[in-house]
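Number of protein chains: 2
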Amino acid sequence: MQPPPARPGQSERDIDTPALLVDLAVMESNLDQMARKVAKAGVALRPHAKTHKSPLIARWQANRGAVGQCVQKVAEAEVLVWGGVENVLVSNEVVSPAKLARLAGLARTATISVSVDNRAAVELLSQAAVAAGSEITALVEIEVGGGRCGVAPGAEAVRLASLVDRSPNLRFGGLHAYHGRAQHLRSPSEREDAIRSASAQAAMTVDALRAAGLACPIVSGAGTGTFELEATSGVFTEIQAGSYLFMDADYSRNSEPPSFGQSLFVLSTVMSTPRPGVAVIDCGHKGIAIDSGLPLVADRPELLYVGASDEHGNLQVSGREPMLGEKVRLIPGHCDPTVDRHDWYVGVRNGRVELVWPVAARGAMT
Amino acid sequence: MQPPPARPGQSERDIDTPALLVDLAVMESNLDQMARKVAKAGVALRPHAKTHKSPLIARWQANRGAVGQCVQKVAEAEVLVWGGVENVLVSNEVVSPAKLARLAGLARTATISVSVDNRAAVELLSQAAVAAGSEITALVEIEVGGGRCGVAPGAEAVRLASLVDRSPNLRFGGLHAYHGRAQHLRSPSEREDAIRSASAQAAMTVDALRAAGLACPIVSGAGTGTFELEATSGVFTEIQAGSYLFMDADYSRNSEPPSFGQSLFVLSTVMSTPRPGVAVIDCGHKGIAIDSGLPLVADRPELLYVGASDEHGNLQVSGREPMLGEKVRLIPGHCDPTVDRHDWYVGVRNGRVELVWPVAARGAMT
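If you're matching them up, the sequences are chains A and B in order. Read in my numbering, the first sequence has 275 at position 275, and its numbers run on one by one without any break. Read in my numbering, the second sequence has 430 at position 64, and its numbers run on one by one without any break.
It is worth saying that the hints were derived from the structure and are not from the lab. Treat the hints with care, since some could be wrong.
[Unchecked claim] Within a straight-line C-alpha distance of at most 20 Å, the following computed SDA-like cross-link-like pairs (lysine to any residue) qualify: (1) Lys327(A) with Gln10(A); (2) Lys406(B) with Lys693(B); (3) Lys327(A) with Ala467(B); (4) Lys327(A) with Val278(A); (5) Lys693(B) with Pro97(A); (6) Lys693(B) with Lys327(A); (7) Lys37(A) with Glu192(A); (8) Lys327(A) with Pro4(A); (9) Lys327(A) with Ala464(B); (10) Lys693(B) with Arg373(B); (11) Lys693(B) with Pro322(A); (12) Lys327(A) with Ala441(B); (13) Lys37(A) with Pro257(A); (14) Lys403(B) with Glu558(B); (15) Lys693(B) with Ala75(A); (16) Lys693(B) with Glu192(A); (17) Lys327(A) with Pro8(A); (18) Lys693(B) with Lys403(B); (19) Lys403(B) with Arg430(B).
Keep in mind the model is a prediction, meaning the values are calculated, not measured.
Let's have the full structure, built from the sequences with the hints guiding it.
Written as structure tokens, this is what we have:
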């Protein structure tokens, strides 16, 4: 783990770079806004910790009413539980016996649920829970357009839910129905169509479960790009959005983008001004994720981030030339993997560092 | 830092995933081959540690004759020096006073050199060295086609070298002339043209320095895609290649690719087989870099990695369907940033884990 790039009390100007910056006031406003929205819709919020990877942020979310956290990895669940989080859903499939043993052990000290989409995986999960003497809630993942994991909605989901229901030390919790692709469909009507379809498939499956005598207390899903649609669908009971507290350039490219403010930045320094019209900064794709497009430079329309190598960002300058040593705030193309590149959050308010805290589950990928 | 995903003595089958795997025999063969090639060409090897980020690998390279290491970041230099490396070139510009103080302090206990491309930066570097009571070697970076940092070859480089030469506690070491773009030009003739041009510009600058009374002991540059051209140019004295010990899919796409074997993999597990023709594995772009293209699946031509999300890889299956829990070796699109995603190397030989060691400078980006 690297030493922190800043200390509380410093001016933003004096932060070492590249550094993962959080504008605390904007983040708090985002947290408040989401809490109001889900309360108004009458659904639960289970934010996705694959975005923030921090038990401290999980606490800020819990203080505003979140019912627990989502993660993608057992290692992320461990870090959250170690940090005091009491209720974690691994919204993903876990199949290896070593990982299942870790998960089943965690379930002795926290409330653990996990997605399943395979009969053999359910049997392994049950065996691990029996061996640990713990109880695990399983959500049957249905494929509702994301094109990734999940069984088919309807009869196939009911068969798997029945297997869960009669497996020792497992409890059938409901459905996991996440439409990842819908989050960045650019037009509101495309997103509405996608989530209308996902909701219909989830509703049909809930009905089929009921007909088979299986209650379905939870339908969990949604992301920051579509959560208002799921929240008002009448089907989803639990919202998994994660990015809303930070936001990123990719979400800003949605038409009618989510109403949250940009609170996450990577602070970077101009380290070379080799030719007119060109500046090179000290943050390339090792420091900021480019899987969903290049970063934007905040508040500096004359600076365009046009190329990323490992540790360099090339800026095209179309106005005032930046000075050597000058700092710029970059808006990540994609917030989640950008956070995962860094060991520390640097929380700033009114131009000063207020809090430096670890990205505790950085690199937690097993 | 995450716990290691394996322990020595385990079978490769039992490694937790995703894990950064090194085939030790192939890596050793690559190290040996490079040592022979630079020795035959009569040039020095200063491998780039931005690839491996490991003092242990630096020692294996030094044992085979490497004269020191390159890094891109002061934080990487610190980790190498802490790990016992005695000679480090920061082949990059450093301009912030806090970083220069760290570098100048390191120079009391190790031989440190750094690239410069700006008069103000030279003055700051000299001040830092004076304050620390250390001596730092500066290489003037010239822009030879990479399109990133560097002054123009010729007169501009001579002016900056003269400033270095008369700056307190600095020593003019020579030129840094790296043509990054040339490494992945696909045809051999394109690469030859690029390095012929870079070599000519470096030679012209060496002559201009000599005419100005400045000796130029070092001309440092080259990467794995072109190093044989620089090594036999008669101009370059020092080769900075890094990827050669690992290799990646992007280098394999060069026509007449480098002659090194693929020693670096990310081991991943099939965690969902939701539909015929589709398998989902537990390694997305948080675990393997996709900036230079998607990964390849080693030894399994029927499996095509067609989509990466944060923690999922989608495989298109065109033959035998993989089993749930089965493991596959992924060949990264780009080795350097893939290594930087992981805390641990898992070294394997003959199907067994031999050595687990840290990616010590993982995340060292300041």
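Cross-check of the supplied hints:
A threshold of 20 Å between alpha carbons decides the hint, and for Lys327(A) with Gln10(A) the separation of about 15 Å falls inside it, so the pair holds. Between Lys406(B) and Lys693(B) the alpha-carbon distance is near 41 Å, which puts this suggested pair outside the 20 Å criterion. Distance hint between Lys327(A) and Ala467(B) is fulfilled; the C-alpha atoms sit about 18 Å from each other, no more than 20 Å. For the proposed pair Lys327(A) and Val278(A), the alpha carbon gap of about 15 Å is at most 20 Å, so the pair holds.
With a C-alpha separation of about 13 Å, the suggested pairing of Lys693(B) with Pro97(A) holds against the 20 Å cut-off. Only pairs whose Cα atoms come within 20 Å are accepted, and Lys693(B) paired with Lys327(A) is rejected, the gap being roughly 44 Å. Restraint check for Lys37(A) and Glu192(A): satisfied, since their Cα atoms lie roughly 18 Å apart, inside the 20 Å limit. Restraint check for Lys327(A) and Pro4(A): satisfied, since their Cα atoms lie roughly 18 Å apart, inside the 20 Å limit.
With a CA separation close to 14 Å, the supplied pair Lys327(A) and Ala464(B) stays within the 20 Å bound. Annotation: proposed proximity of Lys693(B) to Arg373(B) holds, straight-line Cα distance about 17 Å (limit 20 Å). About 49 Å separates the Cα atoms of Lys693(B) and Pro322(A), which puts this hinted pair outside 20 Å; it is violated. A threshold of 20 Å between alpha carbons decides the hint, and for Lys327(A) with Ala441(B) the separation of about 19 Å falls inside it, so the pair holds.
In summary, the hint linking Lys37(A) to Pro257(A) is supported, as the alpha carbons are separated by about 15 Å, within the 20 Å threshold. Taking the CA atoms of Lys403(B) and Glu558(B), the gap is about 18 Å. The hint holds against a cut of 20 Å. Restraint check for Lys693(B) and Ala75(A): satisfied, since their Cα atoms lie roughly 19 Å apart, inside the 20 Å limit. Taking the CA atoms of Lys693(B) and Glu192(A), the gap is near 38 Å; set against the 20 Å cutoff, the hint is violated.
The suggested pairing of Lys327(A) with Pro8(A) holds, with an alpha-carbon distance near 19 Å, which does not exceed 20 Å. Of the supplied pair hints, the one linking Lys693(B) and Lys403(B) is violated, its CA atoms being roughly 36 Å apart against a limit of 20 Å. Restraint check for Lys403(B) and Arg430(B): satisfied, since their Cα atoms lie roughly 12 Å apart, inside the 20 Å limit.
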